[in-house]
Amino acid sequence: DAKTTQPNSMESNEEEPVHLPCNHSTISGTDYIHWYRQLPSQGPEYVIHGLTSNVNNRMASLAIAEDRKSSTLILHRATLRDAAVYYCIQYSGAGSYQLTFGKGTKLSVIP
Amino acid sequence: EAQVTQNPRYLITVTGKKLTVTCSQNMNHEYMSWYRQDPGLGLRQIYYSMNVEVTDKGDVPEGYKVSRKEKRNFPLILESPSPNQTSLYFCASRPFFGQALVETQYFGPGTRLLVL
Chain R
2 DAKTTQPNSM
12 ESNEEEPVHL
22 PCNHSTISGT
32 DYIHWYRQLP
42 SQGPEYVIHG
52 LTSNVNNRMA
62 SLAIAEDRKS
72 STLILHRATL
82 RDAAVYYCIQ
92 YSGAGSYQLT
102 FGKGTKLSVI
112 P
Chain Z
11 EAQVTQNPRY
21 LITVTGKKLT
31 VTCSQNMNHE
41 YMSWYRQDPG
51 LGLRQIYYSM
61 NVEVTDKGDV
71 PEGYKVSRKE
81 KRNFPLILES
91 PSPNQTSLYF
101 CASRPFFGQA
111 LVETQYFGPG
121 TRLLVL
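Taken in sequence, the protein lines are chains R and Z. Take the first sequence: its position 14, counted from the start at 1, is 15 in our numbering, and no numbers get skipped. Take the second sequence: its position 66, counted from the start at 1, is 76 in our numbering, and no numbers get skipped.
Among the clues, some could well be false.
Non-contacting residues of chain R with respect to chain Z, defined by C-beta distances greater than 12 Å in every case (computed) [as the list claims (entries may be wrong)]:
hint : residue
1    : S13
2    : T31
3    : N55
4    : T73
5    : L81
6    : G103
Keeping only pairs whose Cα atoms sit at most 30 Å apart, straight-line, the calculated DSS-like set for lysine-lysine is [unchecked claim]:
hint : chain 1 : residue 1 : chain 2 : residue 2
7    : Z       : K79       : Z       : K67
8    : Z       : K67       : R       : K104
9    : Z       : K81       : Z       : K67
10   : R       : K4        : Z       : K79
11   : Z       : K79       : Z       : K27
12   : R       : K4        : R       : K70
13   : Z       : K28       : Z       : K79
14   : R       : K4        : Z       : K67
15   : Z       : K75       : Z       : K27
16   : R       : K104      : Z       : K79
17   : R       : K107      : R       : K70
18   : Z       : K27       : Z       : K67
Just a few of them, taken from the derived set where beta-carbon distance is under 7 Å, the chain Z residues facing chain R [unchecked claim]:
hint : residue
19   : Q55
20   : P105
21   : L111
22   : Q115
23   : F117
24   : P119
25   : G120
It should be emphasised that the hints constitute simulated quantities derived from the structure, not laboratory data. Ideal Cβ positions, reconstructed from N, Cα and C, are used throughout, including at glycine.
Extracted from the complex, chain R is given alone in its bound form (with noise of 0.2 Å):
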C-alpha cells in the first residue's frame, strides 16, 4: 500500500506557482522521497527526489519538511502542460524495489 497521502485534486492558474503537499509520516530515516506525474494517456516519468534537504532541478522544486514527514513539490510558473496527475512517493528500497504508486494528486491548470 501507498505511505503516502496527497490531496485527490487541485487547481491551478496559468503561469502562477503551484504546491503540491504531501503526507509521508511514517518515513524512516532512509527513505527517499520521489514525485512522478502522469500526463494524459502517457506513462508516469520522473520529476525529482530528495532525502532530507531542499532540492531543485528544471522541472520542479521539492521543499522538505525538517521532520521529514511532509514535502512540497512546487512547480514554479504552472503550464497547460503541467495538468497531469502527481504522485509522491516514499520508497525503501525494500521488498521488490518497487516504486508504490498511490492515487496522486490530479492538477488542473486554468488558463
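Please arrange chain Z on chain R, whose structure you already have, making use of the hints.
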C-alpha cells in the same frame, strides 16, 4: 534517445486467446517491471525482474507470465486472457545495482488491452 517501448499500443482480443505484450529498453537497465493501471486502483505491479533470468511476482501476478532471457526485453504473457484483465499496462525499467534508491524509473507509453 533513452526509451522504453511497448507493442502493441492497443489490443482487442477475446477470452482465452493467448497474447504477448512486448517491452524493450535501450538503457542497459537491470530492473524491469510491469504495472497495470485501473480506475480507482492506481498503478499496481504485476511482475518484476532484477536481471536476466531473475523474475518475481509483484502485487497482482495471477493470470500473467513473464520471461527475461535478454537484458533489454521483458515480455508480458497472458496465456488465457479474461475480461478482468482489461486494463492499461505499463512497462518500466531502471538501473538496479548501485544507488538503487535514487535512480530514475522510466516508463513505456502504455498498452491498452480490451478482452471481450
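Here is how each hint holds up against the structure:
No beta-carbon of chain Z is positioned within 12 Å of the beta-carbon of S13 of chain R; the least distance is around 23 Å. Remark: the non-interface label on T31 of chain R conflicts with the geometry, its nearest Cβ contact in chain Z lying 8 Å away (cut-off 12 Å). A cut-off of 12 Å between C-beta atoms confirms that N55 of chain R is not in contact with chain Z; the least separation is 16 Å. No Cβ of chain Z comes within 12 Å of the Cβ of T73 of chain R; the nearest lies about 20 Å off, and the non-interface call holds.
Every C-beta of chain Z lies more than 12 Å from that of L81 of chain R, the closest at about 21 Å, which supports listing it as non-interface. With a closest Cβ-Cβ approach of about 6 Å to chain Z, G103 of chain R is found to fall inside the 12 Å limit, against its non-interface label. For a cut-off of 30 Å, the pair hint linking K79 of chain Z to K67 of chain Z stands: about 17 Å separates their Cα positions. Straight-line distance between C-alpha atoms of K67 of chain Z and K104 of chain R comes to about 22 Å, which keeps the hinted pair within the 30 Å bound.
Between K81 of chain Z and K67 of chain Z the alpha-carbon distance is near 18 Å, which keeps this suggested pair within the 30 Å criterion. With a C-alpha separation of about 34 Å, the suggested pair K4 of chain R and K79 of chain Z falls outside the 30 Å cut-off, and the hint is violated. Between the alpha carbons of K79 of chain Z and K27 of chain Z the distance comes to roughly 23 Å, so the proposed pair stays at or under 30 Å and holds. Restraint check for K4 of chain R and K70 of chain R: the C-alpha separation of about 11 Å stays at or below 30 Å, so the hint holds.
Pair hint K28 of chain Z plus K79 of chain Z holds up; C-alpha atoms about 20 Å apart against a cutoff of 30 Å. Using a Cα cut-off of 30 Å, the hinted pair K4 of chain R and K67 of chain Z holds, with the two alpha carbons roughly 20 Å apart. This hinted pair checks out: K75 of chain Z and K27 of chain Z have alpha carbons roughly 14 Å apart, not beyond 30 Å. At roughly 33 Å between alpha-carbon atoms, K104 of chain R and K79 of chain Z are farther apart than 30 Å, so this suggested pair is violated.
Taking the CA atoms of K107 of chain R and K70 of chain R, the gap is near 21 Å; set against the 30 Å cutoff, the hint holds. For the proposed pair K27 of chain Z and K67 of chain Z, the alpha carbon gap of about 23 Å is at most 30 Å, so the pair holds. For Q55 of chain Z, the suggested interface contact is upheld, since its CB lies about 5 Å from the closest CB of chain R, less than 7 Å. Violation of the interface hint for P105 of chain Z is found here, the shortest Cβ-Cβ separation to chain R being roughly 11 Å, above the 7 Å cut-off.
At its closest, the beta carbon of L111 of chain Z sits 5 Å from a beta carbon of chain R; the interface hint therefore holds under the 7 Å criterion. Against a cut-off of 7 Å between C-beta atoms, the interface hint on Q115 of chain Z holds, since the closest Cβ of chain R lies about 6 Å away. Hint on F117 of chain Z holds. Least Cβ distance to chain R is approximately 3 Å, under the 7 Å limit. Of the supplied interface hints, the one on P119 of chain Z holds, with its beta-carbon coming within about 6 Å of a beta-carbon of chain R, less than 7 Å.
Below 7 Å, beta-carbon pairs count as interface contacts, and G120 of chain Z has one with chain R at about 5 Å; its hint therefore holds.
Comparing the model with each earlier hint shows violations of hints 2, 6, 10, 16 and 20; every other hint is respected.
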